[in-house]
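Colleague: In case you want the letters, here they are:
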Amino acid sequence: MNDPDISPYGDSDGSDWGEQVFRSLPGLGIRHVATVPDAGLGRFLELCEADPGIRLITLTTEEEGIALACGTWLGGELAAVAIQSSGVGNIVNMLGLPNVCRIPCLLLVSMRGEAEERNPWQIPVGRAVHDLLAALGVDVFRPESASGVAPAFAEAAAWARETGRPGAVLVGQHIIGAKSFAGGD
Amino acid sequence: MRGARLDRRALVAGILDRRGDAAVVAGLGSPAWDCHAAGDSPLNFYFWGAMGGAAMLGLGVALARPARRVLVVTGDAEMLMGVGSFAAIAAQAPSNLAILVLDNEAFGETGRQAGLTGSNADIAAIARGAGIEAAFTVGGEAGEGSAGPDVAALAGTLFEEEGPVVCVAKVALSAESGSYPPRDGVLLRTRFRAALAGD
Numbered sequence: 187m188n189d190p191d192i193s194p195y196g197d198s199d200g201s202d203w204g205e206q207v208f209r210s211l212p213g214l215g216i217r218h219v220a221t222v223p224d225a226g227l228g229r230f231l232e233l234c235e236a237d238p239g240i241r242l243i244t245l246t247t248e249e250e251g252i253a254l255a256c257g258t259w260l261g262g263e264l265a266a267v268a269i270q271s272s273g274v275g276n277i278v279n280m281l282g283l284p285n286v287c288r289i290p291c292l293l294l295v296s297m298r299g300e301a302e303e304r305n306p307w308q309i310p311v312g313r314a315v316h317d318l319l320a321a322l323g324v325d326v327f328r329p330e331s332a333s334g335v336a337p338a339f340a341e342a343a344a345w346a347r348e349t350g351r352p353g354a355v356l357v358g359q360h361i362i363g364a365k366s367f368a369g370g371d
Numbered sequence: 664m665r666g667a668r669l670d671r672r673a674l675v676a677g678i679l680d681r682r683g684d685a686a687v688v689a690g691l692g693s694p695a696w697d698c699h700a701a702g703d704s705p706l707n708f709y710f711w712g713a714m715g716g717a718a719m720l721g722l723g724v725a726l727a728r729p730a731r732r733v734l735v736v737t738g739d740a741e742m743l744m745g746v747g748s749f750a751a752i753a754a755q756a757p758s759n760l761a762i763l764v765l766d767n768e769a770f771g772e773t774g775r776q777a778g779l780t781g782s783n784a785d786i787a788a789i790a791r792g793a794g795i796e797a798a799f800t801v802g803g804e805a806g807e808g809s810a811g812p813d814v815a816a817l818a819g820t821l822f823e824e825e826g827p828v829v830c831v832a833k834v835a836l837s838a839e840s841g842s843y844p845p846r847d848g849v850l851l852r853t854r855f856r857a858a859l860a861g862d
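Just so you know, the sequences run in chain order R and S. Using the numbering used here, read the first sequence as starting at 187 and increasing by one per residue. Using the numbering used here, read the second sequence as starting at 664 and increasing by one per residue.
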């Protein structure tokens with residue numbers, strides 16, 4: 187691992203990035219959103235679920251989302267795969283599919299295991315996310331603030347479409363906020 | 664031990680003869696060779712890896728192209744690796760998706776090691792338990808001289824019945840010659856996508 191720092195770190199600027207990304211979907215031609223839900227994606231997912239124009243596909247494991255998104259693109263449509271950082275550990279072999287076939291994939295990843303994480307089980311894969319994705323040919327977009335998430339998502343979508351390379355937007359824990367385990371040991 | 668295992672090449676050929684303009688997604692290994700042996704087509708997308716992904720890729724095609732029939736042809740171990748796909752597919756209820764699982768109860772490509780469907784796992788029952796009502800098994804009926812399924816009727820079910828449909832075909836653990844599709848993933852995806860683009 188070549189990323190020894192616990193980063194990024196800072197405050198969200200308070201923008202409703204989940205709603206902003208949701209509102210960007212029609213303009214990006216995205217009608218299919220596949221997910222293993224995460225609290226960090228909650229706002230985005232609830233808006234997707236309530237919109238009859240968006241088909242929300244609930245998965246049992248994140249790798250299903252990679253295969254599904256490859257299928258929708260083969261059928262002519264870019265899909266979004268919205269998962270938690272630990273789920274990146276579950277998609278590793280399936281990333282061979284878009285890699286070898288040069289199929290655009292678009293991932294929206296809510297990060298755990300960064301600064302203010304209080305659950306050690308989230309840290310190993312959270313810390314490996316960037317290296318795992320980069321090693322398998324997924325280009326990583328890392329917005330610094332909440333207001334930067336939707337622009338990063340739009341750029342990752344265009345990047346994927348135009349280059350045939352999968353793109354992942356990592357929404358940092360400094361944007362999402364930390365999960366509290368008050369009352370635990 | 665069950666009897667009357669089906670001949671996988673003959674079964675796949677008989678089914679794909681009746682495909683019309685259906686898209687076919689072939690799971691890695693022998694199912695891909697079977698589909699290729701039945702006749703290559705731009706409307707075939709073959710996996711050479713990414714084990715466990717065939718059914719979900721088929722779902723993606725089916726959702727993006729609702730007017731197109733999609734048949735996934737895969738093996739028992741590939742399907743079990745992606746077994747959660749059944750739950751995801753049932754929830755989406757794609758009427759244009761069917762899955763044919765060629766179940767030889769073994770890892771045929773890697774040295775014929777025993778799989779889990781010979782001893783205990785019933786893929787059709789798992790699919791039903793996940794919410795796919797039209798899930799059934801053919802072949803492997805006890806007794807000598809079993810005629811096996813009516814291939815024309817089975818093809819009708821796979822290509823015309825409201826999906827999702829899952830058919831598990833108990834096939835012989837056999838050693839067909841290789842019939843290899845292109846390995847170039849970009850070629851496979853480009854021609855498959857172009858063939859669907861007119862929908």
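Careful: at least some of the hints might be erroneous.
Stated by the list, open to error - Quick look at which bits of chain S chain R covers, simulated, 3 or more residues with Cβ under 8 angstroms: (1) 706-717; (2) 745-756; (3) 775-785; (4) 847-856.
As the list claims (entries may be wrong) - Quick list of the computed label-pair ranges, beta carbon to beta carbon: (5) E235(R) x P729(S): 19 to 25 angstroms; (6) A301(R) x P845(S): 46 to 52 angstroms; (7) E330(R) x R775(S): 31 to 37 angstroms; (8) G213(R) x A754(S): 33 to 39 angstroms.
If you are wondering where the hints come from, they were derived from the structure by calculation, not from laboratory data. Nothing here was measured: the structure is a model prediction, and the numbers come from that model. From the three backbone atoms N, C-alpha and C, an ideal C-beta is built for every residue, glycine too.
Colleague: It remains to establish, for every hint, whether it holds in the given structure.
Modeller: For each hint, the structure was consulted:
| no. | hint | result |
| --- | --- | --- |
| 1 | 706-717 | holds (count 9) |
| 2 | 745-756 | holds (count 7) |
| 3 | 775-785 | violated (count 0) |
| 4 | 847-856 | holds (count 6) |
| 5 | E235(R) x P729(S): 19 to 25 angstroms | holds, 20 angstroms |
| 6 | A301(R) x P845(S): 46 to 52 angstroms | holds, 47 angstroms |
| 7 | E330(R) x R775(S): 31 to 37 angstroms | violated, 54 angstroms |
| 8 | G213(R) x A754(S): 33 to 39 angstroms | violated, 27 angstroms |
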